[in-house]
Each structure stands twice: as structure tokens, then as C-alpha cells.
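Chains as they are written, first to last, in the working numbering: chain L, 62 to 455; chain Y, 91 to 602.
Since the hints were made in silico from the structure, they are not lab data.
Every residue gets a Cβ at the ideal spot worked out from N, C-alpha and C, and that includes glycine.
A couple of the hints might just be wrong.
[Unchecked claim] Here's a subset of chain Y near chain L, in silico, CB distances under 8 angstroms, partners left out:
| # | residue |
| --- | --- |
| 1 | Asp470 |
| 2 | Arg472 |
| 3 | Asp568 |
| 4 | Glu569 |
| 5 | Trp570 |
| 6 | Glu572 |
| 7 | Leu574 |
| 8 | Pro575 |
| 9 | Tyr584 |
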Amino acid sequence: MSRHGQTEREIADCVGAIYEASTGGGDWHQVGDRLRRLTNARRAILRVPDANGSSRNLLMNVDEGDAVYAAYYHSIDPYTSRARRDFSEERSGHLGRARIGAEIVAEDAFLRSEYYADFARRHARRHMLGGMVGVGQANPIGLFRDDTSQPFGAHDVRLLEILLPHLQRALELRERLGLVAEDACLTRAALDSVTVGMAIVDAGLKLHFLNEAGRRHLDHGASGLGSMRSGPYAGNGVYLAARSRQDAARLRRLIAPATASGTGGAMRIEGRDGAACAVLVSPAPAGLARDRGGHASGGPAEGLAMVVLQRLGRAVAPSVDLLCDVFGFSRAEAEVAAALSGGASAEDVARLRAVSLTTVRSQIRSILGKCECENLRDLEAAMASLSVLAPARP
Amino acid sequence: MRDPVILPPRQVNRGPEAVPLTDLRQYVEALRRLGELQEIDVPVALDLEVGAITRRCYETGAPAPLFKSFSDHPGNGFRILGAPGGTSCQPGLRLARVALALGLPPSSNGLEIVEAIADSLDQPAIPPVVVADAPCFEHVTTGDAVDLTRLPVPLLHHGDGGRYLNTWGCIVARMPDGAWTNWSIARMMLVDGQRLTGIVAREQHVGMVAQAWAAIGKPMPFALALGVEPAIPFICGMPLPAHVDEADRLGALLGRPIRTVRCRTIDLEAPASAEILIEGHLHLDEAIEEGPMGEFAGYVPAEPPTRRPVYHVTAISHRTGAILPVVVAGEPVEENHTAWGIPSAAQILHDLRAAGLAITTAWIPLESALHWLVVTVPRDWRRRTGIEDSAALCRRIGEVVFAGKAGAVIPKVIVLNDDVDPTNVRELVWAFATRCHPQLGHATFEHIPAAPLLAYLRSSEKVAAATGKIVYNCLPPDEWGEALPIRASFRHGYPAEIVARVRHRWAAYGFR
Numbered sequence: 062m063s064r065h066g067q068t069e070r071e072i073a074d075c076v077g078a079i080y081e082a083s084t085g086g087g088d089w090h091q092v093g094d095r096l097r098r099l100t101n102a103r104r105a106i107l108r109v110p111d112a113n114g115s116s117r118n119l120l121m122n123v124d125e126g127d128a129v130y131a132a133y134y135h136s137i138d139p140y141t142s143r144a145r146r147d148f149s150e151e152r153s154g155h156l157g158r159a160r161i162g163a164e165i166v167a168e169d170a171f172l173r174s175e176y177y178a179d180f181a182r183r184h185a186r187r188h189m190l191g192g193m194v195g196v197g198q199a200n201p202i203g204l205f206r207d208d209t210s211q212p213f214g215a216h217d218v219r220l221l222e223i224l225l226p227h228l229q230r231a232l233e234l235r236e237r238l239g240l241v242a243e244d245a246c247l248t249r250a251a252l253d254s255v256t257v258g259m260a261i262v263d264a265g266l267k268l269h270f271l272n273e274a275g276r277r278h279l280d281h282g283a284s285g286l287g288s289m290r291s292g293p294y295a296g297n298g299v300y301l302a303a304r305s306r307q308d309a310a311r312l313r314r315l316i317a318p319a320t321a322s323g324t325g326g327a328m329r330i331e332g333r334d335g336a337a338c339a340v341l342v343s344p345a346p347a348g349l350a351r352d353r354g355g356h357a358s359g360g361p362a363e364g365l366a367m368v369v370l371q372r373l374g375r376a377v378a379p380s381v382d383l384l385c386d387v388f389g390f391s392r393a394e395a396e397v398a399a400a401l402s403g404g405a406s407a408e409d410v411a412r413l414r415a416v417s418l419t420t421v422r423s424q425i426r427s428i429l430g431k432c433e434c435e436n437l438r439d440l441e442a443a444m445a446s447l448s449v450l451a452p453a454r455p
Numbered sequence: 091m092r093d094p095v096i097l098p099p100r101q102v103n104r105g106p107e108a109v110p111l112t113d114l115r116q117y118v119e120a121l122r123r124l125g126e127l128q129e130i131d132v133p134v135a136l137d138l139e140v141g142a143i144t145r146r147c148y149e150t151g152a153p154a155p156l157f158k159s160f161s162d163h164p165g166n167g168f169r170i171l172g173a174p175g176g177t178s179c180q181p182g183l184r185l186a187r188v189a190l191a192l193g194l195p196p197s198s199n200g201l202e203i204v205e206a207i208a209d210s211l212d213q214p215a216i217p218p219v220v221v222a223d224a225p226c227f228e229h230v231t232t233g234d235a236v237d238l239t240r241l242p243v244p245l246l247h248h249g250d251g252g253r254y255l256n257t258w259g260c261i262v263a264r265m266p267d268g269a270w271t272n273w274s275i276a277r278m279m280l281v282d283g284q285r286l287t288g289i290v291a292r293e294q295h296v297g298m299v300a301q302a303w304a305a306i307g308k309p310m311p312f313a314l315a316l317g318v319e320p321a322i323p324f325i326c327g328m329p330l331p332a333h334v335d336e337a338d339r340l341g342a343l344l345g346r347p348i349r350t351v352r353c354r355t356i357d358l359e360a361p362a363s364a365e366i367l368i369e370g371h372l373h374l375d376e377a378i379e380e381g382p383m384g385e386f387a388g389y390v391p392a393e394p395p396t397r398r399p400v401y402h403v404t405a406i407s408h409r410t411g412a413i414l415p416v417v418v419a420g421e422p423v424e425e426n427h428t429a430w431g432i433p434s435a436a437q438i439l440h441d442l443r444a445a446g447l448a449i450t451t452a453w454i455p456l457e458s459a460l461h462w463l464v465v466t467v468p469r470d471w472r473r474r475t476g477i478e479d480s481a482a483l484c485r486r487i488g489e490v491v492f493a494g495k496a497g498a499v500i501p502k503v504i505v506l507n508d509d510v511d512p513t514n515v516r517e518l519v520w521a522f523a524t525r526c527h528p529q530l531g532h533a534t535f536e537h538i539p540a541a542p543l544l545a546y547l548r549s550s551e552k553v554a555a556a557t558g559k560i561v562y563n564c565l566p567p568d569e570w571g572e573a574l575p576i577r578a579s580f581r582h583g584y585p586a587e588i589v590a591r592v593r594h595r596w597a598a599y600g601f602r
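Pulled out of the complex, with its shape left as it was, chain L reads as follows:
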């Protein structure tokens, strides 16, 4: 126990709480509680920008004083305006340094200020111990005592200076993890929007990623493929599984070599309803393997394979709007093209649209010209490609 009452253990616990909070494993309010206990402060404030462009206190819940401060007194806070000026002029000289209030703003000036008279005095902010941390911009951290307490001293300054580097690293970590999470979120959203099923599996067929189309495919009761939660422990993961032994064995034979940088391959799996599905297996992209290697603790990353699932034989007609946008079709041409790619003949289209066959043939010529196709077979292929690329409907 130090002579000021904090044990090294308490300081270490506070450091631990800071990193737990930054990685999402803990609560920033617990950090605030520990900081206040360590410094005998009434309030702890670490302001960080939020998504709305304003700021919020990470360390404590908002109280009446915060609301009043945010509404007006922030604009006349002598500490903040001075600190921002100092920070912008000499960033490196301030980062990691702790100061008591009187070092930032002369005591008599502070006591004469509107800020003190109307706000700080009434909301337990007579004495201040502060510092700066931040990633893109300076974020003030302040610990406050009220009128009845002793001012902060040199011991408190040293204590905060022990903690400031950890707070700085924690904020950097928090931002980095936030970016990673955002990146993953965007990737998932993009993959969820395509109409083909995509899965990333390991050699044991454990699913490491599955997009929305893949999930729909595997959840379909009649599909020849499914997903299966595995034990023996709850949370041991979900596996890609074929409904038949033979398909399961073929799938394993395709996937295992692909995870070992082999070539992969393709197979066809039929469901109980007779619908067929094409399964394309390939080694996972090299970048993905590198990313996973980064997670591993020294050992080589487990090999992964990408599995693409696409139902065969289904109508592949992209939306009329899409066809208009991409090929410059008129609406009538787009409707004709969609019908043709769905398997209808020119006669069928003429009958369905109640127009003459000559009209339809004329529209077909126009359609082939606009999409630079030689014949209806080419058109059908172009429609199929577009169908795959078109965003999935929510």
C-alpha cells in the first residue's frame, strides 16, 4: 500500500479495466468508478466524439450538470478553451501530461469566472485534475472535486500520468477495433446482397462465414445441403452438411484439398424436391488466409475453402428496372426480354402481351441490338449473369 492509500493492485486493476473496456470486454463506467476511487474525485469525464458529431462522456452517466454544461457552459469553460489552444499548438507536449486546474487557468481568474460562479461551484467542479488523450483530436479527461474537498496535489498528478498512456492506447485500440468491426459489417452487408450463396468453411466443413443467400439455401427444408449445429459443447460451431451420405462424401473430397491450396471443383446436389444446386468449391482467397493467420498465435492458420451455392434451373429474370437501366431498354422491351429469358417463345410473348408477332420480333431485334447479343441464347446468358449480379431483394 502506498502512503496515499492506493495499492499497486488497485492501479493495476484500473489499467486492466481500461483495456477491457477498450476491447469491448468491459464497461467504461467501471473505469470511471475506479478513477474516481483512486483520486477521491466526485466526477470523471472523458469526452469522445459520438456518431452525431457531438461528444459524450465515456466514464459516467449524464447528470443534470452535464446537461446544463452541454447546453451552455461548455462554450465558456475556461479549461477547455485554454486546453484546446495549448493542445493545437504543441500536441506532443500535452499528450500524457496531467495538470491541476490552477496550472491551466489562474486560480483568481477561475474563481471570478461566470463558469465557476454559475456552474462549477454548484455541480461539484471546484477542483480539477485533467489531461489530454485522443486519436484524431484532443479529448479532455477531467476529474473533479467539490468545494468541501482538498485540491488535487502532486500525488494525484503522478497517478493520472501513470494512467494517461494507458487511456491513450485504449482509445487508439477502441478506434481500431471499431474500424475493423465496421469493415466486417460492410463486407457482410455487401455479400448478403448478392443472390448466390457463399460460404467459407474449413477442411472439417465447419462454417466460418455464410451469406444471406447461402443461409436461405441451407435453411430450405428440401435442399440437398443443410447446416448443422455441432457439439459436444453448445457453441462448438455450425457445419455444412449434405443430406445424403454420398453427397457428403463427395463434398468432403472437394473441400479438403481446396483448404490445402488444392484446386477445388464442382458438384451437383439434388434436393428432396428434385431441385438441383451447383456447388463450386475453391481455395479461400489468399487475403482471407493472411487475415486469419494474423489471428493465430504463431502457428499456421487453418486452411479454408470458399463454397458457392447456386440453384440450377430456376427462372433467371432480372428486374425490368434493372434491364432499363443497364441496356437502355424501353419498359416494353425490358418486359419482353424478361419473358424471353424465363423460357417463353416469341409467340408466347405476343399472346401474353396481346400484340402481334411482328411487333414482338421487332422488339427482339431492338433488344438484341441494345445488349449487343447475337441471338436469343446470348441474351439468355446475359440475363442469367445479370440475375446473379443483381442485388438480392430484402
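With chain L's structure known, arrange chain Y on it following the hints.
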């Protein structure tokens, strides 16, 4: 005869509690320190009372009884140690006697012991060393002075056909050309003061050696070492391949050479640690009625006695106050299940791995009386073995197991994923009951060599020494791939943090 070679002992980390126990008396003291020995000072009868007390010890997990005097065989200072390799009811010490005997920490569990034995099979052999003298030569009688009835030979079961001198001793036999010295364990019944009889099947290694002697028209010299250092019965019970010297393998397991001593009347070396050493010749051309005797399957056979070969004894040597270890075979768990079953599981594990199969462990459940073998495999066994379907894996396992000597005993193999602990009988019964389809995926084998003492054999099978065997496929359906069933248990069915929280707060809930 091959010259013994002394190799430097292998350094084996056997834990801080490991102390080499090089004779039975050291073992007895170690048992005493562990609370695993009960000295019995009151006289007890060799007729059934010793057997009944020992059986009760097995069945309650009580300490091993050390009998010091006998009401129906008074006055010559011999002692009997019952249940020398039985199991204990002390928490965490169930296999303490087995582990101690093998130089392992007494808290070792079954799978750790199996691994230690299996590992030793890949270590270089350490042949025994011959020493000049041994404590058993304190008292030596030879020729006409030999009298086996001076020894305290108990009648073990009600219904046994005679008194059995050997239930835990080491039978030493050597091929006529000296190329192979076999150590084995088999029951031997007292016939009279100078003769013993016992099972000597042609398929047994001792039977193979005896046949070799018979082929040149000579009886087989044998030594019976009773009360040997505690590890020896375990290697005698281990189904090593033919032509492998048990003493060499035990040296590899213990990391030191076993001490042997030259016999007085025959050209053999026997374990120097023996409390009692019997020498003589086995005559295959002479037969006398033997048995029945209560055996490892847990039954006293109803069949009449069988005519078996005769051992003629030429010398008896013993220490003062010699201790005769006694096994009272029967319902599990007794030494057949520990000293035969555990080394058998280790040998099978080694054989399966040597065959390229991905095996987590092999275990002969002690309660199965050597009738079940459990083999567990990791979830990725397909990738590790190159075998695609579970039925083919089971067949391959059966081919390997039943091709070995250990497989001659084991009739039923259960193949499970390694989330199941095969030493936990409660878990094993649940897994076998729920994961084994009654019809699908099993591998059956016809006419496989079988130990005649298997309980359920029909008479024709006993005569043929062969029966049908099976490998039960308890693996998930092949279409599941590597997915396993999710277990609805406290340990498996909840997130780790909930499990930890409940464990941590157990007393706070009010449980004691």
C-alpha cells in the same frame, strides 16, 4: 541363451511421488503409507475365508488385506497379500495400486496409465540384469525334500476344483534355443507336495514354448516367481507379440533393467525380487484334472474338471516371512481386469496407431470383465486416416484389434467419438445406449480366435477356441461429417461463463 545387456536407465519423468518399488515389501510399505493396506492379525482360514475377505475388499474398494496367520495352516510365518492390484474407494486414488506398481503417480487415471504403457512400446528394450544372489534363497529345498503343502495355498472360491498357488506369479519359460524368454501369468493348482497343474493352451505363449520343448522330446523347464516386484505381473498380463521378451519391455517401461537371478535346479533366470521361487519342469505328456475355478468373467464355471499338463517341482526357495500374493478372480474389478485389461488396452492402442489409425485412446472398461474394448476417435478421423465412412473405419479397427493377441480375448469393440470418457462408466453406458444404431454400420467378424474363458461361449466355440466378434459403430451418421451431437449436460450444454459462474457460486446457492 542371449547374454543380458545392461543399458543406461532411461530418464522418465514419473512425477514427484514416483519411487522405484523393486520388491513386494517396498510395495506393501507404499500401500500402507497411502492407506491402501489392511493388516489382518487375527487368524483366518485358507479354506474360503481368505477368498471371501479379498472378494469383499474388491467389491467395496477396501485396502488390500495382508493376512499374517492362518487357522488351518498354522505356524510357518508365511503371509498372504490379497487384492494386490485391486481398485480403491479413496477419492482420486481408484487406480493407485496399479499406478504405484508401474512407478507412476498414485493419482494417475486409467488413460494416463494406458498412454504410459503404450508410449513405452516405442522405447528401446532394456534387457534384465542377472544378479548373483537373491533374498528368496534364504530357505531352499530341493529334490525329495520339496513340499508345496508347506506354502499357504488357499481355496479361493466355493466350487473351485482345488487350491490355487499361482494367481499373481510370473511363469518363466525359455525356448530350447534360448531365443525367447517368456514371462506369463496363468493359474496353477496344487496337486500334491511336488506337483502343480494349470491351463497351458497351445495358443498361449507358454504353450508355444512348451510345444517347442515337447518337439525335442523334453519337458519344459519353468520357474514360478511368486511375490515379485509389483510391476512384473502387469507385463506378464500384457499381450505382447510372440518372441518379444516381457522383461525387456518392462525395462523399457520402468526405465531400468529388471534384476533376475539364476535358478538353482534349472537353466533359467527368474525375477530376483521373488518372495517364493518354484522351479521344475512342465510335462505336456502327462495330464491330471484341473479346475474349475472362478474366473475373470465373474463366474465359477459349472463344467467338470479338465485334464491339464503337470508341473513337476524340483526346488522351492523363499524368504523368511514370505508374502504370497493372491488374486481372487471374479466379478469386476480384480487384477485380471487391471493387470490384464489395462496393458491389453495399451497394446491395442499402440497397434491401432501403428496401423495409421487416428485413435484418441483405447480402454477396456474395468467393469466389462475384458468383454468390451472402447476405442475413441477424434472428430476429424476421416482426414487423419483417409477412410471415408464409419463402417469402414470400424471394420479396419476390428481387423487390427482381432489380429493381435489382445484381440483374442476382447469380443466386443465399441467405437465412439472422443468427447466420451471411456473410463467413466456412467458416460459410457449413456453413449453406447444412445449412439449405437441397432442395425447400421457395425463390423462383424466370423471365427476369430477367442479365449476359452469368455463367459458366453458355447461348448463348440470353447473347443474350437474361436467365435464371432463385433465392432459396434457408435459414430454419428456419415452425412454429419465432423459435426457431433450437442450434449445436454451441465458441462456441455451451457456457455463456459455460465458453467464457471455456477461452479463458483455453488456454495452461495446453499449447496454443500
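### Query
Can the hint on Glu572/Y be confirmed by a CB-to-CB distance to chain L that is less than 8 angstroms?
4 angstroms, holds
### Task
Please verify that hint: Arg472/Y, Cβ, nearest Cβ of chain L, below 8 angstroms or not.
7 angstroms, holds
### Query
With a cut-off of 8 angstroms, does the beta carbon of Tyr584/Y approach a beta carbon of chain L closely enough for the hint to hold?
Interface hint status for Tyr584/Y: holds (7 angstroms vs cutoff 8 angstroms).
### Query
Is the shortest C-beta separation between Trp570/Y and chain L less than 8 angstroms?
At about 6 angstroms, which falls below the 8 angstroms cut-off, the nearest Cβ of chain L leaves the hint on Trp570/Y intact, so it holds.
### Query
Does Pro575/Y pass the interface hint, meaning its C-beta sits closer than 8 angstroms to a C-beta of chain L?
OK, holds: Pro575/Y within 8 angstroms of chain L, min 5 angstroms.
### Hint check: 8 angstroms Cβ-Cβ cutoff, Glu569/Y to chain L
4 angstroms, holds
### Hinted contact Leu574/Y with chain L - closest CB pair below 8 angstroms
5 angstroms, holds
#### Entry: Restraint outcome when Asp470/Y is required to lie within 8 angstroms of chain L by C-beta distance
OK, holds: Asp470/Y within 8 angstroms of chain L, min 5 angstroms.
### Query
Once the shortest beta carbon distance from Asp568/Y to chain L is found, is it less than 8 angstroms?
5 angstroms, holds
Checked against the numbered hints given earlier, this structure breaks none of them.
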